[in-house]
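First to last, the sequence lines map onto chains G and A. The first sequence: position 415 = 422 (the working numbering), numbered continuously. The second sequence: position 429 = 436 (the working numbering), numbered continuously.
It is possible that some hints are incorrect.
Because identical chains share one entry, a pair is satisfied inside a single copy or across any pair of copies.
Cross-link-like lysine to aspartate or glutamate pairs, in silico, DMTMM-like; alpha carbons within 25 Å at most [what the hints assert, rightly or not]: (1) LYS35 - ASP268; (2) LYS54 - ASP396; (3) LYS473 - GLU382; (4) LYS362 - GLU261; (5) LYS362 - GLU38; (6) LYS35 - GLU343; (7) LYS373 - ASP287.
Note that these hints are calculated values from the structure, not bench results.
What follows is the residue order along each chain.
Protein chains: 2
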Amino acid sequence: MWYILYTLIFLHETCICITEGRYLLETKYIEVPVDHFSASPKPRFFKLRYLLNDKYHVKGGPAFVYTGNEGDISMYAQNTGFLFDIAPIFNALLVFIEHRYYGVSLPFGNDSFASSDNLRYLTTTQALADFAYTIEALRRTFFGDVLSYDTYPFVAFGGSYGGMLAAWLRMKYPYEVVGAVASSAPIFHFPGLTVGCAAFNAQITRVFRRYGGERCVRTVELGWDAVLNLSRTKLGMDFISSSWKLCKPLKTAEDVRRLLDWLGSVYENLSMFNYHYPADFVAPLPAYPVKIFCDKLTTAYFNDTKGLIDRFATALAIYTNYTGKRSCNNVNGSYEEPAEIAWSYQTCVELAMPKCSLEGDMFPTKSWSYEGHSEACYERFGVRGLGRDWPAMAYGGKNLRHYSNLVFSNGLMDPWSVGGVFSNVSSTVLAFNITDGPHHVDFRRADPADNNYVIEARRFHVRIIKQWLNMV
Amino acid sequence: MWYILYTLIFLHETCICITEGRYLLETKYIEVPVDHFSASPKPRFFKLRYLLNDKYHVKGGPAFVYTGNEGDISMYAQNTGFLFDIAPIFNALLVFIEHRYYGVSLPFGNDSFASSDNLRYLTTTQALADFAYTIEALRRTFFGDVLSYDTYPFVAFGGSYGGMLAAWLRMKYPYEVVGAVASSAPIFHFPGLTVGCAAFNAQITRVFRRYGGERCVRTVELGWDAVLNLSRTKLGMDFISSSWKLCKPLKTAEDVRRLLDWLGSVYENLSMFNYHYPADFVAPLPAYPVKIFCDKLTTAYFNDTKGLIDRFATALAIYTNYTGKRSCNNVNGSYEEPAEIAWSYQTCVELAMPKCSLEGDMFPTKSWSYEGHSEACYERFGVRGLGRDWPAMAYGGKNLRHYSNLVFSNGLMDPWSVGGVFSNVSSTVLAFNITDGPHHVDFRRADPADNNYVIEARRFHVRIIKQWLNMV
């Protein structure tokens, strides 16, 4: 769900250097098998990266392990200040493990994305085994005994897709981690699990309505038509290209399609990262970017298409160029980004999360079917996915009652919350819903502007983790 | 652990026909993916066999699923009378699912064993996914709703390796089965899990001492030397070949080595199947075959090597030719048997169960190391296994406290009991030890000769299963 964000990192030419940023972390590597599950004449290994901070660690304290997402692990480490905030309470070792095929953890180096043969080990099953394997190695390294599960407990943390993995790690390897805190993890967002495909975009619309008002929603709706109408002529395309400072001017219908996709992803990201203070997660943004975006839009003249496009240009700059340093917008860039290829592959093979748009939300009407998704995937990657029912079979769908020590937190103003676990399943599988919360806001460091809801969420996490660690 | 038994099936030329035997079962097939976990341009499927009995099934009743072993599923179905005995109590549907690469469930047909490439999908990870996949399909077929986990519960059962799989199925896919009863499942019999390599053979010795007396143990010890000493000359080899009615007379040192391996496996099987009544699981045997075997041996003259060999011939016939129908003994046969190849491959890739012999047990001294095992495997199959620590990482080693609804039963006179779960781990992970019990005796049908221990074990299972099904 982050893939589109990589466009921005790329565009910003931001150096995500490991030891830079607010938090100091040591870079480490571990050799892990490319294929954990089957034998071969000459087993291949590759270097999986993990980042380590032992500043707060005191012998006897636990290890907190962040299970990496679909991107460079350092970005997630730098934006998960919550773990650094609470590490001193627990004397915890902090470890952030990169997900295979992302960042520098490439099983086949630069050829990792070259063929479907090389991509075939990019699965959640293998990724979870990487985490288990690394945890066992860490336990041996730091604690001298791989079997000291109780004496030296590990706790899993993850946000978004990383949160899904943290939960699944606890579910599939409960002996490796005593519990998992999964923030904004849409583990129910799969076909057949009762989350309708329209829920996601309806929720984005709700966020825009809440923070920008009905007029903003209406203007966003008009924006799609404005782009489509103007794009019918070369002159119109030139106008948009110039107004929106596109690095590559629109020329083909495919260019227009990608621009519309990009526009949709901007709305998705604005609502996900609608934090209550300026933040720089995947792009530098002001506080409440949805509100700011909508403020810029509201003076638009509805009956002046070009004027509307120009208004959008100003509003979009909130997202694309808040720091004012960018000369043009590369809306095509993401399609060749390794992280985007990897994530698209994952959505094709395992993680098909249905998204469609109905009348009434602020997106152009769009249908979704597993078959259509599957066909597009076959066209792009030349492989058939594991099937519509795979995630439910692999991870149990909505049947969480057999598990224990899981916390699912949701920001109720996060589009991904629609696929989250909203209510307690048992006395040890718990949900915490953050009123007004955007995407895994509870995993960010404490901020003076934090409202009571997010403060309470973090307190909740600390209390439950203490229970898992028998500290209460 | 059954692989050697296939020798016997082969030798006996027994037809293991599906619809024959005491219990009537319908043969069914389901198309399952050869590789459940990764994508390919053209996913391959194969027919997995399962056997069904709906005679006792009443709508609303659960399904009892036997997770198949390293062999033809019909043999296990016919020898798991316990399920047929208790099905009426629960109105249960009975399903016996064959394990991939055994019986007729061959992913690449007759080529399944032709190369390490074709064997690579023979893993517990894939086998468990087969079971989960089949259960979901059955739920859909019989109950019309794949998500009705609570309304239409499945319970897993398995003995020996099948018991390991039943337990692991519950551990990895707890939403598919509400609980698992694992009989004689040595899930701790892996490197690093504190079961010493000598424990297994020491336990066989204990069984022989218990049922045959010290003199029998001493005679068995002499038997090894007798074979080795006579085998030094062609005349001696001819003598053994004739005395023991070997189909292929001994000629080479390798022939002698195989004969000794076979002899060891006979002792293993006699002690595993030392049932208290005549039984025909993998070979027709009298009640207490260890006792009968030892009775035949005890008149041996210790100082007469040839006389000793002849005595062994008579005693071994208890095992090899109880029905008197066999003309010769094929001690080499098993090496090319598909089931033996498959099981050897599994012990090489994942399931390295350490076995050695020390002074004091009735076997020739023999060491064991993972490295030696691994080298022999590489020589035979051309692949490297998943490593010494694989089973612990994959299935949690001795850390079972995070799981629920597991019953492990052990026959305390079963050699495999040394790797079993002996004591309760929690209020829902339970052990039941059957005094004097051989290999999964509790899973056999009720017999008038049953002692109180096995009767109590079966009562225990029924009581716990009722709890899982909320019937109490």
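Here is what the structure says about each hint:
1. LYS35 - ASP268: This pair counts as neither: shortest intra-copy Cα distance 37 Å, inter-copy 47 Å.
2. LYS54 - ASP396: between (32 Å within a copy, 19 Å between copies)
3. LYS473 - GLU382: Classified as neither; 47 Å inside a copy, 46 Å across copies.
4. LYS362 - GLU261: Cα proximity of LYS362 and GLU261: one copy only (20 Å, versus 65 Å across).
5. LYS362 - GLU38: neither (37 Å within a copy, 30 Å between copies)
6. LYS35 - GLU343: neither (28 Å within a copy, 47 Å between copies)
7. LYS373 - ASP287: neither (31 Å within a copy, 64 Å between copies)
The earlier numbered hints that this structure contradicts are 1, 3, 5, 6, 7.
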